[in-house]
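Line by line, the protein sequences are chains A, B and C. First residue of the first sequence? That's 0 in numbering that gives the first Met the number 0, and the numbers climb one at a time after it. First residue of the second sequence? That's 0 in numbering that gives the first Met the number 0, and the numbers climb one at a time after it. First residue of the third sequence? That's 0 in numbering that gives the first Met the number 0, and the numbers climb one at a time after it.
Calculated directly from the structure, the hints in this document are not laboratory data. Incorrect hints may appear among the rest.
Claimed, not checked - Okay, derived cross-link-like pairs now, PhoX-like style, lysine-lysine, Cα gap no bigger than 20 Å in a straight line: (1) LYS72(A) with LYS20(B); (2) LYS15(B) with LYS72(A); (3) LYS137(B) with LYS166(B); (4) LYS66(A) with LYS174(B); (5) LYS20(B) with LYS154(A); (6) LYS20(B) with LYS109(B); (7) LYS72(A) with LYS149(A); (8) LYS180(B) with LYS109(B); (9) LYS186(B) with LYS88(B); (10) LYS49(C) with LYS167(C); (11) LYS137(B) with LYS183(B); (12) LYS52(A) with LYS24(C); (13) LYS80(B) with LYS15(B); (14) LYS149(A) with LYS131(A); (15) LYS174(B) with LYS137(B); (16) LYS52(A) with LYS49(C); (17) LYS167(C) with LYS66(A); (18) LYS167(C) with LYS52(A); (19) LYS20(B) with LYS149(A); (20) LYS186(B) with LYS109(B); (21) LYS135(A) with LYS72(A); (22) LYS24(C) with LYS167(C); (23) LYS15(B) with LYS88(B).
If you want the building blocks of each chain, they are given just below.
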Amino acid sequence: MSNNDNDIILASATSLSTLTINDISKDGFGYNPSVGPQSNNITQETSNYLLSKRTTSITSPNSIYDKSIINKKTNEISLSSLSFLFCEIVNWCHKSSKGIQDLETRLNGLGYTVGQKYIELIKLREGFKTNKREIKIIEMLQFIHGIFWKSIFGKTANELEQSQDVSNEYMIIDNSPLMSKFISIPKEYGELNCSAFIAGIIEGALDSSGFFANVTAHSMAIPGFPLRTVFLIKFDESLSIRESLRR
Amino acid sequence: MSKSSNNRYNGDDIWKNNTEKINSELFTLTYGSIVSQLCRDFNHNYHEVNNQLDKMGYNIGLRLIEEFLAKTGVGRCSTFKETVEVISKLGFKIFLNITPQIENWSSDNKSCSLILPDPNPLTEFVELPNLKDAEILKELWYSQILCGVLRGALQMVQLDVDVNFVKDTLRGDDKTEIRLKLNKFLKDEVPAGED
Amino acid sequence: MSSYYFTIIGTRDNPLYEVEFSSFKPSSSSSSSAISSSSAGSNQPHIPGKSQFTPKVREILPFIANSSLDIIEDSQWSTNQFNLGRIDSFYGLLVNAFITQGNIKFILCYDNPSNASSSQKYDENLIRQFFIDVNDLYVKCLLNPFYSVNDAIISSDFDLKVKLLARKYL
Numbered sequence: 000m001s002n003n004d005n006d007i008i009l010a011s012a013t014s015l016s017t018l019t020i021n022d023i024s025k026d027g028f029g030y031n032p033s034v035g036p037q038s039n040n041i042t043q044e045t046s047n048y049l050l051s052k053r054t055t056s057i058t059s060p061n062s063i064y065d066k067s068i069i070n071k072k073t074n075e076i077s078l079s080s081l082s083f084l085f086c087e088i089v090n091w092c093h094k095s096s097k098g099i100q101d102l103e104t105r106l107n108g109l110g111y112t113v114g115q116k117y118i119e120l121i122k123l124r125e126g127f128k129t130n131k132r133e134i135k136i137i138e139m140l141q142f143i144h145g146i147f148w149k150s151i152f153g154k155t156a157n158e159l160e161q162s163q164d165v166s167n168e169y170m171i172i173d174n175s176p177l178m179s180k181f182i183s184i185p186k187e188y189g190e191l192n193c194s195a196f197i198a199g200i201i202e203g204a205l206d207s208s209g210f211f212a213n214v215t216a217h218s219m220a221i222p223g224f225p226l227r228t229v230f231l232i233k234f235d236e237s238l239s240i241r242e243s244l245r246r
Numbered sequence: 000m001s002k003s004s005n006n007r008y009n010g011d012d013i014w015k016n017n018t019e020k021i022n023s024e025l026f027t028l029t030y031g032s033i034v035s036q037l038c039r040d041f042n043h044n045y046h047e048v049n050n051q052l053d054k055m056g057y058n059i060g061l062r063l064i065e066e067f068l069a070k071t072g073v074g075r076c077s078t079f080k081e082t083v084e085v086i087s088k089l090g091f092k093i094f095l096n097i098t099p100q101i102e103n104w105s106s107d108n109k110s111c112s113l114i115l116p117d118p119n120p121l122t123e124f125v126e127l128p129n130l131k132d133a134e135i136l137k138e139l140w141y142s143q144i145l146c147g148v149l150r151g152a153l154q155m156v157q158l159d160v161d162v163n164f165v166k167d168t169l170r171g172d173d174k175t176e177i178r179l180k181l182n183k184f185l186k187d188e189v190p191a192g193e194d
Numbered sequence: 000m001s002s003y004y005f006t007i008i009g010t011r012d013n014p015l016y017e018v019e020f021s022s023f024k025p026s027s028s029s030s031s032s033a034i035s036s037s038s039a040g041s042n043q044p045h046i047p048g049k050s051q052f053t054p055k056v057r058e059i060l061p062f063i064a065n066s067s068l069d070i071i072e073d074s075q076w077s078t079n080q081f082n083l084g085r086i087d088s089f090y091g092l093l094v095n096a097f098i099t100q101g102n103i104k105f106i107l108c109y110d111n112p113s114n115a116s117s118s119q120k121y122d123e124n125l126i127r128q129f130f131i132d133v134n135d136l137y138v139k140c141l142l143n144p145f146y147s148v149n150d151a152i153i154s155s156d157f158d159l160k161v162k163l164l165a166r167k168y169l
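Using the sequences and the accompanying hints, generate a full structural model.
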């Protein structure tokens, strides 16, 4: 393989402490990518553990893998808490960015990781009822505009439109997006659109589903809806080719 | 205080009727995204990550207290014990929909512990990388932002309080424990935000 | 008794997780001879769950999984199923695959089940169930803020839970 992707270790929190060939698991479980499937081969000891009547998680009695994420009744929390947190996130991103454009890019990037994770969670929860992967642009957009939006923000988005001028451009419109509601943006941030974070969530969800797109947020107030926001989705040209092949 | 003494510190009504709510998962994932971003920004120096989370919390606390007082109508507490009870039953309840246990009072009634339920809305999906010699397990206080929030909010009501995590189930401890220690009552002055 | 090689492949065709195992089910009379023959020549006691692939097969397993990626990518945009079922066979090894909404691929390579055709449908169903439950585990792993898409999955508990699913279904 000639691409460098395999050599680059992405700057994620775990990657900096990747395992080496000499790291041997202390509990007999855990995959080590430097060693391959030999690293987590089943031994007499782990076999006994797997066959014992009461096998418990290793790291803690309350491991994330023990909790149901499908049937769980989702907890609620105060919207203000998210709003306060988000303000501080904006402050932090602002401090480390070179300008408003850069700040929006950073917010977009944070949202992106949230979108990558959320899409799999929501599909997992929904999947057993409908058992359907989204493979068409329009259906994917309807999913984002509907179920995805509702799971995250508690309501579906208001409109879903296709651009009249450009064939691979679509718009999802929210009359009062959650993030903007409580955030009063300090004047020095000028034109900052905090919905860049939400745009990032959408982009992350679309990209990981194989619908490569660029998503940007634009304030477009109309009477009665001062916070109305248009999320402009520009799909990669290759997608329409992919769809035309399968039609 | 005009409310009857029974439900003086009962946040249920405020939570039910006077709080706009959202799905906690968006909050959990958003908080997770900033913590892991900070780990990258500080090149995995977890002491600095803790510090930054604490500062962010402090700034939140300075502003959050206003909404808190407006919603609850709580007046000045006469003892630190009363204050901590308000924090648990009203503060945590109406902002995070949890009610930590209060334990382990010192004999001078100036220190105590808040025991957070497990999981809480910050830690719901979190597993710290369980690697050999992982610094992160020993150094990162994942929910440190809460300490900052308490410190900031209490400062706004003229209480100088040290707030620290001493245990965290994410590290494998038996519980998640925040220790509060009252240093002194402050004179009326408005503290500045921290950068 | 079948041996299995299971791998999770990321969006850049990079392996995120691998595991080898064999069926934990108590061997039926018909397959007991298979065990004794496979462990013949070695004095090792039989360990339940330990894969019985020969070294030669073991070597090519990752390549079989990798070569089936082309088939998966082909059906990726033509079927809207998560479970792709049996997609390939190779020198007596069968290959089943599953794909998540986030385009993470699950691939299971296994040698021919002992009592072939009658139980095939049953096996397919169990494999499907195994994939669905691994999908659940994968999402739990993904939701962790310290895990990013395409990172290797090194959590001990993840490994443990996958093996428990193997024991339960396969």
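Holds or violated: LYS137(B) to LYS166(B), with C-alpha atoms at most 20 Å apart: 11 Å, holds
Below or equal to 20 Å on CA atoms is what counts here, so check LYS72(A) against LYS20(B). 15 Å, holds
Are LYS15(B) and LYS88(B) close enough, with their CA atoms no more than 20 Å apart? The given pair, whose Cα atoms are some 14 Å apart, holds under the 20 Å limit.
Satisfaction of hint between LYS109(B) and LYS20(B), Cα-Cα up to 20 Å: Violated, at roughly 34 Å.
Run the distance test for LYS24(C) versus LYS167(C): straight-line Cα separation, threshold 20 Å. 9 Å, holds
For LYS174(B) and LYS137(B), compute the direct alpha-carbon distance and say whether it is at most 20 Å. 15 Å, holds
Run the distance test for LYS186(B) versus LYS88(B): straight-line Cα separation, threshold 20 Å. 26 Å, violated
Restraint check for LYS20(B) with LYS154(A), where alpha carbons must lie at most 20 Å apart: Holds, because 12 Å separates the two Cα atoms, which is no more than 20 Å.
Pairwise hint evaluation, LYS149(A) against LYS72(A), where the allowed Cα distance is 20 Å at most: Given pair LYS72(A), LYS149(A) holds - Cα atoms ~15 Å apart, limit 20 Å.
LYS52(A) and LYS49(C) were given as a pair; does the straight-line alpha-carbon distance stay at or below 20 Å? Holds, at about 19 Å.
Next pair to validate is LYS167(C) with LYS66(A); report whether the Cα-Cα distance is within 20 Å. It holds: about 18 Å lies between the C-alpha atoms, which stays within 20 Å.
Pairwise hint evaluation, LYS15(B) against LYS80(B), where the allowed Cα distance is 20 Å at most: Not satisfied, since the Cα-Cα distance of roughly 26 Å exceeds 20 Å.
Hint compliance for this structure: hints 6, 9, 11, 13, 21 are broken, all remaining hints hold.
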